[in-house]
Amino acid sequence: MVAPLSAWPWENLGTYKYLLYAPIISKITYSRIQEGSFKVDWCLSILVLFSLREFVYFLWSNFSSMLFLNRKYRINQEGYDFKQIDKEWDWDNFILLQALIASMACVIFPSFLEDAPIWNTGGLFTILILHVAISEPLYYWLHRCFHTSYLFKHYHSLHHSSPVVHPFTGANATLLEHLLLTVITSIPIIGTFVMGYGSKVTLYGYLLAFDFLRCLGHSNVEVVPYQLFERFPFVRYLLYNSSYHSLHHTDMKTNFCLFMPLFDALWKTLNSESWDMHKKINANNDEKVADFVFLAHVVDVTSSMHAPFVNRSFAALPYSMRVFLLPFWPLAFIVMLVMWAAAKTFLVSFYNLRGRLHQTWVVPRFGFQYFLPFAAKGINNHIEDAILRADKLGVKVISLAALNKNEALNGGGTLFVNKLPDLKVRVVHGNTLTAAVILNGIPKDVKEVFLTGATSKLGRAIALYLCQKKVRVLMLTLSTERFQKIQKEAPVDCQSFLVQVTKYQAAQHCKTWIVGKGISPREHSWAPPGTHVHQFVVPPILSFRKDCTYGDLAAMKLPDDVRGLGSCEYTMERGVVHACHAGGVVHLLEGWIHHEVGAVDVEKIDLVWNAALKHGFKPVSSTSKYSTLIF
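Position one of the sequence shown corresponds to residue 1 (the UniProt record's numbering), numbered consecutively onward.
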């Protein structure tokens, strides 16, 4: 049975809970219609104030996820996994609760805010005194009470269930806890107004400062310089920091204070390691060395908003275009220009697998730039810098994402291996596993396939592999020379299974298409009904036909023992990565010492596939019909 006041009354409403703001918004709209202008009344004040409070948490969440800025000063080096993100999904329940309470208070006392002055100097000192004298000790003792057996089990354990603290962790608590926290925050505010020193600035400032400090303590990033405490030792008792509060989550018998360690010192619950840990983290200038790096790139401006440091919750879901993101497009474009001007790659996410750190770096270039001839040199310089940086850090394997290994751009990575012969880091394009995933997604009874992008790295490997399995491959290419070169690579008795075609009409009776380049609706119209389209083209083709089925880009599910993974890789489902990403991980886990660049070694396709399965990677199929492995 659920403990009283542990669940939220709107828990089952999902996003519809925001309709509870409707009466406030309706009153504001009504005043606008009736009076011809927005009236600065309590309704508008509450809406603005609580929107600003949401924004404070949102900004702190962004900062906590900006690994390219704060990775050296993170307290807990683990990542935020999907389980924690889902648990903290409704972190803003307390803001809605307090907004509703404030609305009811203003209905009872309508002049409470309307008659308050903008500023009152005495209010600042009054609210600080009331906070220190009442709110701080009250919170301290209530917090200690919630660590007793019954209250902790039924209420406070939710807050401590998050393995890595985050600004949203500070807001994630039960209804009872937030009701009591509302009382604690209300005492200084009400007291200041009752004493005649209240003002709008005091009200706004106190609540926003309260939220700011709560986020600071739960940010998992040390931002308070230890030199401040060394130069002014008394300050350490007046203001806590991130490392101080993080100790409470590892040693729950210490550091109970709200914002002031003074009360832990007075009642002897101060963790003895608090100041040493603070100094140690501040002095840490060593970059955490990853064993594996996946070098990704931006597809377009809207997909750049899918990064974890933009919106953690959004990044925890597969990317899709959402209408509500369109107003933020100009801002995202400006940010991307800034990152572009910075001329470096950015660390955006990481996870742990088998005790090894895996990071994703992003080249700040848009997808369309990879197809501009004059941009090739600059992009290759970016990729080369990332490889050299990884080599200097001691990274063992760096895997190149889709366009970063484009054949026309750098020959599938051969440019860098040839130019930098002394590299210790292994450069991997991952196309061997990509080919394996595509091939093992084809039903075993297929006797004929139609292949576009047939002379590309992947197209060549797929064609050569299939012809050796006595599958007829219709290779769409206008270049007879390139076709014949590939055909000569096949065993003599298999060469007849490779057939050059120059028009899409040649595939009008073939129900298995493997698409390696973009196609138009007119070209796709030649596919017979019931055709299944496998693809390795970036970006993926659109689902033009309702009478055809479409496979996703080649991907694999990471092993079950992955830790700290909390973001989706572009359009992939949770825990699923592109096959080239998985190919790099397999390269690391197997300890292979060769570079995987240039042409795909067809003889190694089965070897890489079996190695992936051995390490716990699972094939991903979008259609159960195509779940049977062929060969």
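It is possible that part of the hints are untrue.
[Claimed, not checked] Pairs of lysine-lysine residues, derived as DSS-like cross-links and limited to a Cα-Cα distance of at most 30 Å, are as follows:
#1 K517 - K444
#2 K377 - K344
#3 K546 - K517
[To be verified] For each label pair, taking beta carbons as the anchor points, the in silico distance ranges come out as:
#4 N76 - D300: 45 to 55 Å
#5 D300 - A408: 53 to 63 Å
#6 N12 - L420: 49 to 59 Å
#7 L69 - M104: 51 to 61 Å
#8 D493 - D422: 34 to 44 Å
#9 V201 - D561: 49 to 59 Å
#10 L69 - E407: 29 to 39 Å
#11 E273 - R32: 49 to 59 Å
#12 T15 - D561: 42 to 52 Å
#13 L13 - V132: 13 to 23 Å
#14 S186 - D561: 45 to 55 Å
#15 D276 - D300: 17 to 27 Å
I should point out that these hints are in silico values taken from the structure, not numbers from a laboratory.
Beta carbons are placed, not taken as given, at the ideal position from N, Cα and C, and that holds for glycine.
Verification of the supplied hints:
{"no.": "1", "hint": "K517 - K444", "verdict": "holds, 24 Å"}
{"no.": "2", "hint": "K377 - K344", "verdict": "holds, 14 Å"}
{"no.": "3", "hint": "K546 - K517", "verdict": "holds, 20 Å"}
{"no.": "4", "hint": "N76 - D300: 45 to 55 Å", "verdict": "violated, 33 Å"}
{"no.": "5", "hint": "D300 - A408: 53 to 63 Å", "verdict": "violated, 20 Å"}
{"no.": "6", "hint": "N12 - L420: 49 to 59 Å", "verdict": "holds, 57 Å"}
{"no.": "7", "hint": "L69 - M104: 51 to 61 Å", "verdict": "violated, 41 Å"}
{"no.": "8", "hint": "D493 - D422: 34 to 44 Å", "verdict": "holds, 43 Å"}
{"no.": "9", "hint": "V201 - D561: 49 to 59 Å", "verdict": "holds, 52 Å"}
{"no.": "10", "hint": "L69 - E407: 29 to 39 Å", "verdict": "holds, 35 Å"}
{"no.": "11", "hint": "E273 - R32: 49 to 59 Å", "verdict": "holds, 56 Å"}
{"no.": "12", "hint": "T15 - D561: 42 to 52 Å", "verdict": "violated, 33 Å"}
{"no.": "13", "hint": "L13 - V132: 13 to 23 Å", "verdict": "violated, 38 Å"}
{"no.": "14", "hint": "S186 - D561: 45 to 55 Å", "verdict": "holds, 46 Å"}
{"no.": "15", "hint": "D276 - D300: 17 to 27 Å", "verdict": "violated, 47 Å"}
The structure does not agree with the numbered hints 4, 5, 7, 12, 13, 15 stated previously, though it agrees with the rest.
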